[in-house]
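Based on the provided sequences and hints, a complete structural model is requested.
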Amino acid sequence: MAQSPVEERPQTAEAAPAPLLEIDALDIALTAGRAEVPIVRQASLKMMPGEIHALVGESGSGKTMLARSLIGLLPDGIEVTAGRIRFDGTVLTDLDESGLRARRGVDIGMIFQEPLVSLNPSMKIGAQMAEAMRLHTGAPASEIRKRSIEMLEAVRIKDPEGCLDRYPHEFSGGMRQRIMIASVMLLRPKLLLADEPTTALDAVVQQDVLDIMTETAERFGASVLLVTHDLGLVARYANTLSVMEKGRIVEAGKTADVLAAPADPYTQRLLAALPKRPDEIRPSAEGEPLIKAEKVSISYEGAAKFFLGPRREVPVVHEISLDIRPGEMLGLVGESGSGKSTLGRALIRLKDTSGGRIAFRGADITQADGSALRDLRSKMQIVFQDPYSSLNPRYRISRIVGEPLRLHKAEASTKSGRMAVDEMLEAVGLDASYGERFPHELSGGQRQRVAIARALISNPDLVVADEPVSALDVTVQAQILALLADLRARLGFACLFISHDLSVVESLCDRIMVMYRGRTMEQADAETLFRDPRHPYTRRLLEASHRLERQESGAYGLREGRYADTAEATGTFYWPEGDKDDPDYRLAEVARDHFVALHSAA
Amino acid sequence: MKTYKLLTRRFNGRIGLVLCLLVLVAAVVGILWTPHDPMAPNFRNRLEGPSLQFLLGTDAFGRDLLSRILAGASVSMLVCFMTVVLAVSCGVVLGAVSGYAGGTVDRLTMMVIEALSAFPGLLLALALMVVLGPSKWGVILALGLAYLPSVTRLVRGTVLSVREKEYVEASVAIGNGWFYTLIHHILPNCIAPLIVLGTTMLGWVLLAESALSFLGLGVPPPAPTWGNMLAEARGELTRFPWLGILPGLCISITLIGVNLLGDALRDVLDPRNRNL
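Sequence order for the protein chains is F and G. Convert by adding 326 to the 1-based position in the first sequence; the result is the number in our numbering. Convert by adding 144 to the 1-based position in the second sequence; the result is the number in our numbering.
Please keep in mind that the hints were generated in silico from the structure rather than gathered at the bench. Where is the CB? At the ideal position from N, CA and C, for every residue including glycine. Heads up, a few of these hints could be off.
Stated by the list, open to error - Take a look, some chain F residues computed to stay more than 10 Å from chain G by CB distance:
(1) A480
(2) P719
(3) A808
Stated by the list, open to error - Per the computed footprint, the stretches of chain G lying under chain F, defined by three or more beta-carbons under 8 Å from a beta-carbon of chain F, are:
(4) 304-318
(5) 329-337
What the hints assert, rightly or not - Within a straight-line C-alpha distance of at most 20 Å, the following computed EDC-like cross-link-like pairs (lysine to aspartate or glutamate) qualify:
(6) K677/F x D695/F
(7) K146/G x E762/F
(8) K705/F x E614/F
(9) K677/F x D181/G
(10) K705/F x D678/F
(11) K472/F x D485/F
(12) K484/F x D534/F
(13) K602/F x D827/F
(14) K149/G x E762/F
Right, dumping it as C-alpha cells:
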C-alpha cells in the first residue's frame, strides 16, 4: 500500500493544484480524565505542495499536538475527537494504526526539537538511517547505503561515508540535526513536520540547519510544516503561516500579508511583544566602575586521567577584562559554551577564578571569604535562566523571597521583614497574596518575577541576569524585560545581562560585549555595535539573528543587515583556536570605547 | 498537626496509620504484660490448638503463641527501627557530605562504602555477628552496617542531582553558608526516595533478622522475635501451619502498614501534591 518513494509525482501545472494537506475543523482533546479537556479546537489548515507553512504559537497553544496528530503520534490519553485530516488524497483520520504506520516516515517525516536525544546514542548513524528505508521499501543494503551517502552530502556533512560508521555523540547538536534531516529525507516524504527543529541550537547553527532543511526540502519536492514560536524565523523561511492561540487558529494567510497587516489582536500582540530598537541613544554611564574585572581566567576541573590522579584543568574563560559602572547595563552575548555564564558567575563569586583580579568598588574580591564574602553577597545578586529550577519547590514564595533578609537585615519572620517581602512582591507585579503559594502553582513568568524579587530584596548594587527570559514565551518575555528596565530605572542597580539573543540585548543594554570561546571578540556601546560591527563573528551573529521590526510603512519586516565596509581598515581579526593561552590575542580600541579582537602578529 | 490532618485525608495514610498503631500497641503491651510467660517452656501443653487458655495455641515448647507474638513485637520492632534509624542517619550524613563536598572527601567516602558493599549484606552481618556474639544490639549494629551502603549511595546520588539545581546556587548567591544550604535546600528535596528506601528496608531487616536467627546468630533464644518464631516454625510447618502463619501475618501487617504510611508521608511532605 505504501507507494514507492522514488516514484515520479505527477506535476499538475493547472491553475489550482490540489492541496497536499487539508485539515478540516479538527478537535483534539484530553480524554483520559473524567471531563474532556479541549486542546485544539476547530482547527483548519491548508497546505499546497512545495509550500513551507509555519504554525506559530506560544507554549500551550496546541501547535505541537496539531502537528503530531497528522501522523498519529499524540501522547496517551489525547486524541482527535472531531474533524478530518486529508493528506494527498487519503483521509488520515479514517486510517487505523497500521495504515498510519505505513505513512509515517514514507509520506510524512518528522524532525524533533532535541537533536541530542532524538538520535539513538547506541546505534551507528548508518544503521539508524537505514532503519526506516529497510522497513518501508525493503531495498538492498548496498542501495540504502548509497542513498544515505547521497542524502548526507545533500545536507552538507563532510565525509558522509565515514559518518555512517560513527555514533551520534561524535557530532555537535547542529550536525545531529542535519543528520536527522538527512535520515528523514531519505524516503523522500511529501511532507516534513519540523517541531521547533532549532530551538535548542545557537543562532548561527540555527540558520545553517534551517537553510539546509528548506533547501533539501525544495530539492526533493517536500513541503514543510514548521512548528515554531519564533516570528523572525517565520518571516525568513515560511511562505504561509497559521497563528495559534489557546488551541484555535486565530489567523492564517501568506506570511507577507499577515506581517504587513496583522488582523487578529493576538497576532498583533505577538508582534508588538518583539524587542524594539531603543528610541534614543542613552547617555553612557559615567564615574568609577562598580565592578572591574582584569584579565580574569576561569577553568573547570576535568576528569582525572588516572585513579586518584590530579584533575585536569579545562580553561573556559581566557584573560577577560570588563567593567560595569554604577547603574549601567552591560550585555554579554555569545553562543552556548562561550563562557558567558561562567564569567557572570565568577563576577559575583559563585565560581572561583584561576587568574586575574576582580575589584568591587576598588577592592579585590577574588579572595574574600567569611563575613566579608557574606556582605558582598548582599550587594551582588543573580537571576537565573530557568525559573522552574531556580525556586526551591518545598518553600512558599514569601519564604523564598524573604530568605536573603534572614542574613542581611531583619529576620524575615518579623513584621518589618514580612512587609518588605510584600512590598517586593508588589514591586515585581505580583499580589502580596502570592506569598502564601508554592512555586509549582505559578506560571513561568510569575516564577521569574519571584526570582527577580529574591534578587532585589537585599537592594543589591549589581545584578547578574543570566538569560532571564530565554525560557519564556514571547509575550511574557516582553513583560519581564519591561519589568527589569523599570526596576533598574527605579532602584538604580547595575546589571550584567547575559543572553544569546541580540535583539533582547539591544533593547535593554547600554554597552555590549561579544564573547566567543572564552574571549572578548568585540565590545562597544549598543548603538555602535549594531551600526558598525567590525569583527566577522559579531557580523555573523547579527546576520543569523532574524530580527523582525516594524518598518516605516507599518508592516513588520526582517531587519536588513548591511554594514559599513570598515573591516578592511580595521586590521587582521583574531579567531580563537584551541584552549591554550595565546600571545597573539589583542583587544584593540578601533574607535572611542569600541574594542575589537585583533591578531597582533600580523 | 497540619501534616497529620493531610495524612489522614488520604486513604492509604489512614490505613497505614491504623496498622502501624496496632503494631505499636502490641509492642507496648508485650513489654508490660503478656497472658503467659513467653519464654518458659511448658512441655505439658506442646503444640496445642487455640483454646480459651491459649487463645492462639502453643508452640513446640508449649509456650503461649499470643504471649510470644506480643513479646516478639517489641523485640522485632526495636531491632528493625533501630537498624533502619542507624543505617539512615549514618547514610544520610555520609551521603550528603560526600555528594555535596565532592572531590577527595567524596572519593574516600565512596571507597569505604564500595568496599563495604563488595560483601553481600547478610554475609557482612554474619561475620560481624560472629565477632560480636549474638545479642539484640549486635544484630542492630551488624544489620545497620550492612544496609549503610545502599542508603549512602542513594543520598549521594540524589544530593548530586539536587546540588546542580539553580535554587541551590541561588542559596549560595544569597549568602547562605554551605551547612544551611545543605540542610534547608538540598536535603528536604532528597526525602522522597529516602522514605521509599527506608520503608522497604524495614521489610528487609525483618527478614534478615530472622535469617540470622535461623543460623543461630540473631537475637538469642528463648527471647522471641517474629523472625526467629518464623524460623522455629519451619520444622512443624506441614502439621501445624499456624505456627508459621501467625508471625508471618504480623510481619506482613507491619510491612503493609509502614509502606502505606511511607507512601502517604512522601506525598504529604511534597508541597506539589498537597492539593490532591
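Against the structure, the hints:
no., hint, in the structure
1, A480, "holds (39 Å)"
2, P719, "violated (6 Å)"
3, A808, "holds (23 Å)"
4, 304-318, "holds (count 9)"
5, 329-337, "holds (count 3)"
6, K677/F x D695/F, "holds (13 Å)"
7, K146/G x E762/F, "holds (15 Å)"
8, K705/F x E614/F, "holds (17 Å)"
9, K677/F x D181/G, "violated (67 Å)"
10, K705/F x D678/F, "holds (18 Å)"
11, K472/F x D485/F, "holds (13 Å)"
12, K484/F x D534/F, "holds (14 Å)"
13, K602/F x D827/F, "holds (13 Å)"
14, K149/G x E762/F, "holds (19 Å)"
When held up to the earlier numbered hints, the structure conflicts with 2 and 9 and fits the remainder.
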